[in-house]
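Student: Take a look at the letters that make up each chain.
2 protein chains.
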Amino acid sequence: MSLELYYWDGLQGRGEFVRLALEEAGADYVEVARGEPSEGLGTGAMMAVMKSRDEPYPPFAPPFLKDGDLVIAQTANILFYLGPRLNLAPSVESLRYVANGLQLTIADVVTEAHDTHHPLAASLYYEDQKDAAKTRAHDFIDNRIPKFMKYFERVLKQNPAGDTFMVGDSLTYVDLSMFQLIDGLLYAFPRALKRFGEQYPRLAALHAAVMERPNIAAYLQSERRIEHNEACIFRRYPELDKAAA
Amino acid sequence: MSLELYYWDGLQGRGEFVRLALEEAGADYVEVARGEPSEGLGTGAMMAVMKSRDEPYPPFAPPFLKDGDLVIAQTANILFYLGPRLNLAPSVESLRYVANGLQLTIADVVTEAHDTHHPLAASLYYEDQKDAAKTRAHDFIDNRIPKFMKYFERVLKQNPAGDTFMVGDSLTYVDLSMFQLIDGLLYAFPRALKRFGEQYPRLAALHAAVMERPNIAAYLQSERRIEHNEACIFRRYPELDKAAA
Chain Y
1 MSLELYYWDG
11 LQGRGEFVRL
21 ALEEAGADYV
31 EVARGEPSEG
41 LGTGAMMAVM
51 KSRDEPYPPF
61 APPFLKDGDL
71 VIAQTANILF
81 YLGPRLNLAP
91 SVESLRYVAN
101 GLQLTIADVV
111 TEAHDTHHPL
121 AASLYYEDQK
131 DAAKTRAHDF
141 IDNRIPKFMK
151 YFERVLKQNP
161 AGDTFMVGDS
171 LTYVDLSMFQ
181 LIDGLLYAFP
191 RALKRFGEQY
201 PRLAALHAAV
211 MERPNIAAYL
221 QSERRIEHNE
231 ACIFRRYPEL
241 DKAAA
Chain S
1 MSLELYYWDG
11 LQGRGEFVRL
21 ALEEAGADYV
31 EVARGEPSEG
41 LGTGAMMAVM
51 KSRDEPYPPF
61 APPFLKDGDL
71 VIAQTANILF
81 YLGPRLNLAP
91 SVESLRYVAN
101 GLQLTIADVV
111 TEAHDTHHPL
121 AASLYYEDQK
131 DAAKTRAHDF
141 IDNRIPKFMK
151 YFERVLKQNP
161 AGDTFMVGDS
171 LTYVDLSMFQ
181 LIDGLLYAFP
191 RALKRFGEQY
201 PRLAALHAAV
211 MERPNIAAYL
221 QSERRIEHNE
231 ACIFRRYPEL
241 DKAAA
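Protein chains in written order, with the UniProt record's numbering: chain Y, 1 to 245; chain S, 1 to 245.
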């Protein structure tokens with residue numbers, strides 16, 4: 001039976017981190033919210049799972065994954081579950097916790113990237129919190145991006161198996177997520193990241209290497225890869241971008 | 001060998017979610033940052049691990065746990081690792097992913113609770129972002145707390161094993177973390193949560209039940225339990241609190 005991925009249609013969002021793992025592995029999966037209501041799919045089918053009053057373990061929000069009867073919520077959790085099944089987790093069990101720790105740190109950056117355009121409330125329009133967004137975005141550029149990226153660069157550098165992968169000596173879902181995080185930041189903050197390749201050579205190499213993997217390259221060219229856009233986490237608002245201090 | 005918990009001294013913070021699991025289980029653990037430098041402990045010993053240039057898998061931030069050579073970062077990840085070892089995880093393996101999904105949703109609320117007093121930048125003083133904090137805190141009270149708490153109440157209600165525990169039919173670390181989340185919110189936003197017991201009777205019962213467990217009760221009375229305070233995630237700033245809309 002196919003895996004069912006549930007995520008909002010029309011944007012990459014947090015679903016993209018899961019999608020990249022499924023695509024790299026060539027997994028058989030259904031993108032539920034993007035399907036046809038006449039086939040029992042679509043956003044309504046997704047909302048039905050979330051709002052179900054008899055689902056034993058309902059998810060709070062997308063993305064979530066259904067594998068048979070099991071409903072798995074939260075991006076990092078989905079990847080922790082899928083990793084070994086897709087051959088995208090470290091084979092050494094203890095390193096799976098290292099991978100999960102890194103994935104959760106990536107998730108923290110994703111949340112902070114979202115909050116650059118919505119620092120006051122997700123329920124308010126961006127236009128009604130632009131000044132606050134500018135303050136938060138500039139702090140993100142000056143303080144947070146460098147702090148996180150120096151850390152991730154150091155993780156590559158200190159990896160005892162070499163600086164090609166985030167954990168261990170082969171590709172894991174963490175590398176795919178790291179690619180996506182960098183890609184989103186490059187899209188949203190081109191001025192801030194102008195010197196990214198110089199500053200973080202190992203991360204830049206990882207980003208390039210993931211993009212060239214055959215399955216990922218094919219995916220990125222496909223219609224399944226929705227373009228970065230301003231309904232998403234990573235938004236290109238020129239007024240929030242600036243050269244890093 | 002003892003487990004080593006690394007977290008900032010002087011506050012409950014995210015370390016408290018791990019601490020409650022260790023205390024409930026009566027585990028043998030060392031609170032590294034609170035120890036004596038003369039014994040190789042203290043905040044300096046914690047910083048040394050974080051800043052180490054030869055640690056194979058350095059953590060980004062506390063809390064992190066050392067179990068022998070393995071360094072495990074991120075609260076939910078630490079609990080996912082410790083859960084089975086402390087007999088605080090579901091015995092059914094698939095339910096461990098349900099537990100982790102819930103734990104990560106609790107972690108999302110914790111981050112949002114933090115951002116009520118620091119919506120613009122962690123690097124700025126609270127006093128320099130008070131107006132923004134008020135907007136964010138009131139949105140948190142009116143929209144986010146109800147959304148999350150209705151969800152968690154529904155998780156209890158829909159649990160096929162009964163509404164006493166968040167997952168399955170016995171205590172897990174998720175229940176302990178749920179206690180701590182509620183406890184922090186009750187401390188920070190007493191006006192907003194005035195009707196908590198009426199609105200969320202199952203969550204209120206869980207909070208009371210955890211507090212009465214012998215090991216937790218003893219811990220809460222001990223000097224190891226640092227009081228809620230305004231250096232922490234959950235801060236009682238009366239100007240941010242209000243009755244829910």
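For the record, the hints were derived by calculation from the structure and aren't laboratory data.
Even for Gly, the Cβ is constructed at its ideal location relative to N, Cα and C.
A few of these clues could be false.
[To be verified] With a Cα cut of at most 27 Å, we get these calculated DSS-like pairs of lysine-lysine:
1. S:51 with Y:66
2. Y:147 with Y:194
3. Y:150 with S:130
4. Y:66 with S:130
5. Y:242 with S:194
6. S:51 with Y:147
7. Y:66 with S:194
8. Y:130 with S:194
9. S:66 with Y:130
10. Y:134 with Y:157
11. S:134 with Y:51
12. Y:130 with S:130
13. Y:147 with Y:242
14. Y:51 with S:147
15. S:147 with S:130
16. Y:157 with Y:130
17. S:66 with Y:134
18. S:147 with Y:150
19. S:130 with Y:147
20. S:194 with S:242
21. Y:130 with S:134
22. S:66 with Y:157
23. Y:134 with Y:66
24. Y:130 with Y:242
25. Y:147 with S:242
26. Y:157 with S:51
27. S:147 with S:194
28. S:130 with Y:134
29. Y:51 with S:66
[Claimed, not checked] According to the in silico footprint, chain Y covers these stretches of chain S (three or more CB under 8 Å from chain Y):
30. 44-56
31. 74-88
[Unchecked claim] Pairwise CB distance ranges (calculated):
32. S:123 with Y:163: 45 to 55 Å
33. Y:123 with S:243: 12 to 22 Å
34. Y:243 with S:164: 54 to 64 Å
35. S:44 with Y:158: 17 to 27 Å
36. Y:131 with S:122: 13 to 23 Å
37. Y:230 with S:61: 25 to 35 Å
38. Y:205 with S:131: 18 to 28 Å
39. Y:237 with S:160: 43 to 53 Å
Student: Are any of the numbered hints broken by this structure? If so, which, sorted upward?
Tutor: Violated hints (numbers, rising): 1, 3, 4, 5, 7, 8, 9, 10, 11, 16, 17, 18, 23, 25, 29, 32, 38; every other hint is consistent with the structure.
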